[in-house]
Amino acid sequence: MKRIKQLFFMLLVLFVAAPPAMGRDMSKKANVDVKDILWGHIKDSYEWHITDFGDENHHHPVVIHLPIIVKTSTGWHIFSSEQFSEERDANGDRPGPYNLVIKDSEAKDNPNKIVEKISGQEIIPLDLSITKTVCVLFIDAIILLLIILIPARWCKKHKLDDPAPKGFTGLMHMFIMNIYDDVIKACLGDEAPRYAPWLLTCFFFIFVANIMGIVPFPPGGGNLTGNIACTFFLGVSTFLITNITGTRTYWKEIFWPEVPTWLKLPVPLMQIIEIFGIFTKPLALIIRLFANMLAGHAIALSFAAIIFIMFSIADSVLVNWLAGSAMSVISIAMSVFMMLLEVLVSYIQALVFTMLSAVFISLAHVREHRA
Amino acid sequence: MDLLIPSGGLLFWMTLVFLLVFFILWKWGFPSIVKMVEDRKAYIDDSLRKAHEANEKLANIQKESESIMQKAREQQASILREASATRDTIVEQAQEKAREESSRIVSEARAEIEAEKQNVIRDIRNQVAELSVQIAEKILHEKLSNDGKQMELIDRLLDDVSSTVNNDSK
Chain F
41 MKRIKQLFFM
51 LLVLFVAAPP
61 AMGRDMSKKA
71 NVDVKDILWG
81 HIKDSYEWHI
91 TDFGDENHHH
101 PVVIHLPIIV
111 KTSTGWHIFS
121 SEQFSEERDA
131 NGDRPGPYNL
141 VIKDSEAKDN
151 PNKIVEKISG
161 QEIIPLDLSI
171 TKTVCVLFID
181 AIILLLIILI
191 PARWCKKHKL
201 DDPAPKGFTG
211 LMHMFIMNIY
221 DDVIKACLGD
231 EAPRYAPWLL
241 TCFFFIFVAN
251 IMGIVPFPPG
261 GGNLTGNIAC
271 TFFLGVSTFL
281 ITNITGTRTY
291 WKEIFWPEVP
301 TWLKLPVPLM
311 QIIEIFGIFT
321 KPLALIIRLF
331 ANMLAGHAIA
341 LSFAAIIFIM
351 FSIADSVLVN
361 WLAGSAMSVI
371 SIAMSVFMML
381 LEVLVSYIQA
391 LVFTMLSAVF
401 ISLAHVREHR
411 A
Chain H
74 MDLLIPSGGL
84 LFWMTLVFLL
94 VFFILWKWGF
104 PSIVKMVEDR
114 KAYIDDSLRK
124 AHEANEKLAN
134 IQKESESIMQ
144 KAREQQASIL
154 REASATRDTI
164 VEQAQEKARE
174 ESSRIVSEAR
184 AEIEAEKQNV
194 IRDIRNQVAE
204 LSVQIAEKIL
214 HEKLSNDGKQ
224 MELIDRLLDD
234 VSSTVNNDSK
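If you read the protein sequences in the order shown, they are chains F and H.
So the working numbering is basically just the index in the first sequence, starting at one, shifted up by 40.
So the working numbering is basically just the index in the second sequence, starting at one, shifted up by 73.
Just so you know, these hints were derived from the structure itself, not from any lab.
Ideal placement from N, C-alpha and C gives every residue a C-beta, glycine not left out.
Not one of these hints is a red herring.
A few chain F residues that face chain H, going by a derived Cβ cut-off under 10 Å, partial list only:
#	residue
1	Asn150
2	Asn152
3	Lys153
4	Leu189
5	Trp194
6	Cys195
7	Ile216
8	Tyr220
9	Thr241
10	Cys242
11	Asn267
Could you build the full structure based on these sequences and the hints that come with them?
The structure is reproduced here in structure tokens:
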């Protein structure tokens, strides 16, 4: 324990001492564009920006270029995002081949998107590019398949009376059965086996994506579940399952609920509320997951950014150094706390999504009221 | 605001990848795991129940064997008791028989001895009579008539003699 304390202390000293050694000019007040860092991470992009090294004058970004797949007015084009120039033109856009440009992040419409420019007019192409988030989606999907199919393979290869699985397989069996028994079966009862594959896939997909989002370097670090497209799909799928499998009683309770007649006849008050409710349920799912993960990423990044803000807060080396060092200690402590909290949030959000989906499905499967 | 508008490309890939992953996990993933674990659970529960039953049976068997042992011990005791009683009666009977036999043999022997004695006495008497006659003849040198009256006389004399002999010996 004493050893670990010493090591930790040394690490802190190293953090404090490192920035001056990086050759940064500390004697000037500088403006750290936190917003840019934040949006750059949280939003989707056509390349995977990992880090920069070098000083201000010799910028050297480390970037993974991803494939661009677009259908423009001249047909399908597949090429690397490397072909978009780093230099921005007069509008702040990054020009590329086939009259395509990546719009400026400050642009009024289609910021950070590829548009086709034909004689000054912007046309939005059909854009199926493998963006950073799509790339993260692929990685997460592969991880998800691995962590589920490996324990499933164990089941195929073993008989009923073999000794219980150990290690990872045992953990996953326990984890899956925990969700299945305590969430899905608790909500759906006898119908659990029918909906379990979908709900379990949702749970583990969200969980893997959340956890991978916390990992700060590739293949993690993407913001998949904090992207509205991802949660939109998940929410809409729950909406479709709920309403397509809904029983006759479910629909009857929406259009002719058992309330005093004046609440539903001349002015269809209850019906309006109920129909509104159909749409708010999945919307709540979509926004909850999206906002939680987005906020988690934003907070984690903000704590990291505070260090760089404090190191360039004034025009004096001493003040910068003291402020930066003091803030580093606080910020790292807070970051550690936030990381741990995010791990918890990752699990909770996946659990909440799965549980609410199961509850919505079970609510749509109401039987006739017994008088 | 563009944060809240889902982008078409990502939505397309999300739908494709998620449905693919779902299909794979639906076919080969979750159901087999859930089924396996539930079957194992049922198997383990069943085994536990069986073990419990076996334990109960074992306890019953132990109890039964104890009662059997107890019974056997009781039976053994009663058999031993009976055997000893039988032995006693047999011995008693044998003794009784032996006693009867011995007394019969003794009485027979006594009767035989008596008969033998009578014979011997008769023989002696005859010889004595003849000897006495011969002695008398020798003494008298005269042949006495050997008819019945004389023999009767001798017998009477001898009876007297023997009675006196008997009285003397008593």
